[in-house]
Amino acid sequence: MDFELKQIESLPALAQQLFVAAGECKIWCFNGPMGAGKTTLIAELCKQLGVQEAVSSPTYGLVNEYRGGAQQAIFHFDFYRIQSLAEAYDMGAEDYFFSGDWCFIEWPDLVKDLLPAQVFTINISILEGSTRLIRTHL
Amino acid sequence: MAIILAVESSCDDTSAAIAINGEIRANRVATQEVHARYGGVVPELASRAHQEALVPVVQAVLDEAGLTLAQIDAFAVTAGPGLMGSLLVGTSFIKGLALSLNKPLLAVNHMQAHILAHFIDAPRPAFPFLCLTVSGGHTQLVLLRDYFDFEILGQTIDDAAGEAFDKSAKLLGLPYPGGPLVDKYAALGNPKAFAFPISKMPGYDFSFSGLKTAILYFLQKQQQHDPQFAVTHLNDLCASIQHTIVQILLHKLQAAALDLGITRIAIAGGVSANSGLRQALQQLASAQGWELFIPDFQYCTDNAGMIAMTAHLQYERGLFADQLLVPDPRLPLQPKPQA
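Chains as they are written, first to last, in the working numbering: chain A, 1 to 138; chain B, 1001 to 1339.
For the record, the hints were derived by calculation from the structure and aren't laboratory data.
Derived pair list, reagent style DSBU-like, types lysine-lysine, alpha-carbon separation capped at 30 angstroms: (1) B/Lys1221 x B/Lys1170; (2) A/Lys112 x B/Lys1170; (3) A/Lys26 x A/Lys6; (4) B/Lys1170 x B/Lys1200; (5) A/Lys6 x A/Lys47; (6) B/Lys1221 x B/Lys1192; (7) A/Lys47 x A/Lys26; (8) B/Lys1170 x B/Lys1192; (9) B/Lys1103 x B/Lys1336; (10) B/Lys1200 x A/Lys47; (11) B/Lys1170 x A/Lys6; (12) A/Lys26 x A/Lys112; (13) A/Lys6 x B/Lys1221; (14) B/Lys1184 x B/Lys1221; (15) A/Lys112 x A/Lys47; (16) B/Lys1170 x A/Lys47; (17) A/Lys6 x B/Lys1200; (18) B/Lys1200 x B/Lys1221.
Here are some chain B residues the structure puts well away from chain A; computed CB gaps all over 10 angstroms: (19) Ser1100; (20) Leu1143; (21) Leu1181; (22) His1225; (23) Phe1293; (24) Leu1319; (25) Lys1336.
These figures come from a predicted structure and were not determined experimentally.
For glycine and all other residues, C-beta sits at the position ideal for the given N, C-alpha and C.
For reference, chain A alone in the conformation it holds in the complex:
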């Protein structure tokens, strides 16, 4: 499914549409160049899941853990800085992916072999100005 986001104010509405499009799938992969807004989108998704704290980028720490409504766990990954699949394996990535909890994954390319069969993929591309094209598939 394709969505075009023209201004940041429409982000909450987009997030709602994404939850509908993903159905039951809780493992989401986010692709897009640096500055496309992956972390910004994830911050909005987390907010809608009831996370109250600040959602920040986990590039250095690899994974952030948040608690949403009803204390549900949400894991936010950023695999930008890892060099190999072995590093993701060593930090226990699989344990998170198969935990049944929400997983929002930035820079998922290197870990695709560790992911469950069904993931919800979101590709963000930058059109002119601040417009973004969001293309999703299950």
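Dock chain B against chain A, hints included.
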């Protein structure tokens, strides 16, 4: 007299240290040097790699201090924040040692240890002082009234300062971790060549995400006319970006210092190695009449020496943990009530 063995394994590095009566006698991070002693290369990976690196690095600090495990009075470990898998390796190991040798256990907050690293060597700041902790994963401005009496004045709402460096570097086509490279090229460029926006956050909070987007748009625009723009203007771009990140940090630091009337200023964390930040901070300090404190570099990056120092202060105050200790990846920085 207390001899404390401390272990830090919150992220990539595995480190051990020994404090004798609050003095750091050995502080090592598992590196090729340590690996070489044990005839193998230990890959610098997270949890599973910590397991391999831990015993050699602990043995290395015991040897360096001329001690055996039986002489250790208390065992200390980073309880968070950090990666769950990595923290579990350290806490399980230290709990095992404390239990088997029947010695007390100390649980240390990694972010607090970054700040209390200032008490390892002279000159040590007197209270109250302000500490700006800047690293790859954290950016925090903290007011210290006493060792365990403090207040977080502000922190980043998105990227950490170290990430802002690394991600800007990525936009410029530099490899990870790009922070030190930005620092290197910045020294050759003009910090006023390009103006990037300084985020306006309420209070003493920081934001670096907007800077990233501003750099992206700026480069896209320039590269329409000149595809090689980032290459031919690398030094000026690095200098201007570094200048902007440093200004974002120093604006808040200066505002807090003025508002609270504090003239003792400390910085901590790995980004405090950045020469642009050091230079600007030193200039600001002399202009403002601040007394400035920067720990030795080995105590700025992730290290067990700072854990041992903090553990010693907790030991003196009877702030012990027990065998029910569970690491917390999101452990908040909060004052400890005196025992």
